Amino acid sequence: MRNIYRSLAGNALSKNKIVYVPYIISAIMMITISHVILAISTDPVIGSIEGGDGLQMIMSIGIFVMYNISFFFLFGVSRFVIKNRKKELGLYSVLGMQKKHIIRVQFLENLAVYLISVASGTVIGIVLSKVIQLGVLKIYHAEADFGWSIMVTPIFANVIAFGAFFMVFFIINSIGILLSNTLEYMKEEGKGEKRPKSNWILAIAGVLLLSFGYYLSFRSQSATKALNLFFFAVMLVIFGTMALFTAGSITLLNALKKNKKYYYKTGHFISVSGMLYRMKRNALTLATISIFATMVLVTLSSVMTLYNTVSTLAKQWYRVDFHLVYDHEDPQTDEERMAKLSAGAEKVGMEISNMFPYTYYNAYAYVTDGLCMCYPNYTSFDACEVFYMSMDAYNQANGTDIELAENEVGVYSLEGKVLSGEICFQYSNAVAEPEGELSAPYKIVALDDAPTLSYGASISLTNGTYFFVFKNYEQLAAMRPYICESIKEYDDGRHFILINSPSDRQTQLAFYKDLNNNQEEYGYTFAYSRIQDIDEVIGIYGGLFFLGIFLSAAFLTITILNMYFSQLQQGYEDSKRFAIMRKVGLTRKEIKKSINSQIVIVFLLPLLVAVIHTMAAYPMVNRILRLFGGCEPRAFLLILALCIAVFAVGYTIAYFFTRRTYLRLVSGTKM
Amino acid sequence: MSMLEVKNLKKIYTTRFGGNKVVALQNVNLTVEKGEYVAIMGESGSGKTTLLNILATLDKPTEGEVVLDGRKMNAIKDKELAKFRRERLGFVFQEFNLLDNFSVRDNIYLPLVLTGVPHQQMQERLKPIAEKLGISELLEKFPYEISGGQKQRVAVARAIITNPEMVLADEPTGALDSRSTDELLEQFANINKDGQTILMVTHSVKAASTAGRVLFIKDGIVYHQIYRGNETNSEFYRRISDSLTALMGDGFNSVKD
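From first to last, the protein sequence lines are chains A and B.
In terms of the working numbering, the first sequence has 165 at position 165, counting the first letter as 1, and numbering is strictly consecutive.
In terms of the working numbering, the second sequence has 99 at position 99, counting the first letter as 1, and numbering is strictly consecutive.
Keep in mind that the hints were calculated from the coordinates and are not lab data.
Predicted model only: the values in this text are computed from it and were never measured.
Backbone N, C-alpha and C define an ideal beta-carbon position, used for all residues, glycine too.
Just so you know, nobody snuck in bad clues.
Covered stretches of chain A (chain B as the covering partner; in silico rule of three or more C-beta atoms under 8 Å from a C-beta of chain B):
#, region
1, 252-264
2, 270-283
3, 578-591
From just these sequences and the hints, can you work out the full model?
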């Protein structure tokens, strides 16, 4: 008896290849992706490298997202599989199998799918995560270990999580079987659908929502406003897309149908009415796919852009290899400090190419044409970060030889904003209430190059970054009442010692370690190493980058499978329809043409909409990206185009597979 | 000249790997005159559906030829077959075969749209047919909103709107209740009275008794045919039953004797 169940279950799997194969493949993919994410987030090798913990933290958030997606997607597919087998199950029960027997067969089928997918997913996941581990180590310049240490945690977690998922699917499907009656199963599905009705109000609402969302993106002025409005705009576009796909498409098609001259033409007749029902059934799926695809494109391109700009920016910003920050209470003179540092460098064998002291003030300010109003604390997104320094320090650190007059100020904007004419400085304690005196006007001299700063490429949530350079240190000190009155600890400005070294990274890191271990001896408050910081920055953004790519791969997979399943379902229903058309006198060629045009539209629509959405999101996203370290618009566009191309290729391949299956289904019945 | 001539028609099905051969039609000869209403009777497996499929150009004979209105069907290229089918033949199926995503009107228009008839002309053609079949009120409905009998009348409208040379009906009453069956058969008779040639395949004696001539097919051979002459439906019905018992009874002669 036991064997009968087993062979029935086995039979079911092989007979329903067309639904089970993609089902198992989707499960394998989900498990593989989950495994990789888990492996990265728990890998001790990755955890041990600099910046690796940032990556692991981001990845451990990713696994929750992944499990959620996996559950809901696989659940949908399992419902679809059951739905397509109702007739078969009905036949079993007519032949005398009780519900509990059917459930038993069900259990074995679920078990088989689970075992196959977990086993394959785990094996592929292990191989893939090893490859990725090597890739990560390469990005982080760490030594790669080619050993095959298999981690148990991801395997264990996946076995349990997906086991629970499949158990839930099984239980829900079993309840479905228990609640249904035999005859219901045998009945032909689809007693006829209600005819799709036009809904002008919703269609117009969709257009309005979408236009408003687009408008917000195109008109977004500042980065901070863009960030505030971004989610609102996204919601508008999501609801707009849903409304347009559902109501808009049907309203349009119904309008076409009303135009008799257009409708009663060979090419239009079948396509219009076919599309009408196709849209009615698939509109929500298509809208979801469009939104998913847009998310993939925006996320992927933003993350890639960020990674790209941040890693180049980090290298640009750090003109020096080390900078040490000294408190104004530190009694040492610059000479004493430098002597200690030289000795420390010698101890670890690090060469020093040059070393010099440096000073600047740092505050937040509203910067407009003609006025820079400073206040001490960061209070809102609208503020810019401003730096004040002397030309001497600028020249020394940058190796330049620029001279300024007493009434001139050198200005550099990190975002490339241009200030011209004259500018005054004023100190304010509260945001909108200037309380200090207005300084004399300074003539603006644009600087070509950013000053060297002892300041890392932090993620600055400000509206921009400006550097103001005055003639000399005396002038800078004289400006203090106008720029940072109450910053007591900056009384004398911030003092730094900057060091450049030609030594290799290992030696530099060794020196950094020495600095850290002997902080009191050296007397500094903070010490930064360029190599160390870049590693960290790349760690954080590299994590985002990886997560972005993985989630995009997962989204793309889900999108494609979603499409496949929806077309599969459609194919089952259409096969009957096309058989009738053929009997009535439609040629095979005409049928194929009509099918092709309909599938192409169904496939192309979400891709097209996604690309348009992404383009519309571009101005807004571009502004927001600036908050996170800035981005070069051309690089962003290029990356965006690349992402769209990759996505389109994956999508097109999926289209051909789906079309093949669909045509096989449709022509499977006697045509 | 005859509307339809079938000469030495033979159809042999070969199983996929060339193993067993099944003879569906052995040697079928028949002619149908213009304006005739012919019923072909036979049991399941007698070959009547194969014959109909060949006449409908949905299947090809192994040997022999079919001539419709002077045109040899074998000579028609595959490409033109669909066109030939929708312009010269009309079909009525047991399962109605209406498209559920088209309104009744659009279902009837389907073959005309495929042929490229202008919309104005379609409306003109539909009007008298819809009236004759009593479906004028149903035109804007959808197939799932009307009864089986109504569906079949829609199918008939679709079959005759192209003015086909011949209407082929495959068990048209098979899925109908007795009242709908009566109505439909009456309509078939009316259409035939207007000059439409009809060829119907059925195993219902009642359906056959409305025809002008009945052919009996068994084991792929036309065994016998009887003409109605001036008989009423019920007289013809009795004669068909008798013939059936005599012919088909071979198998159970022993029981009868």
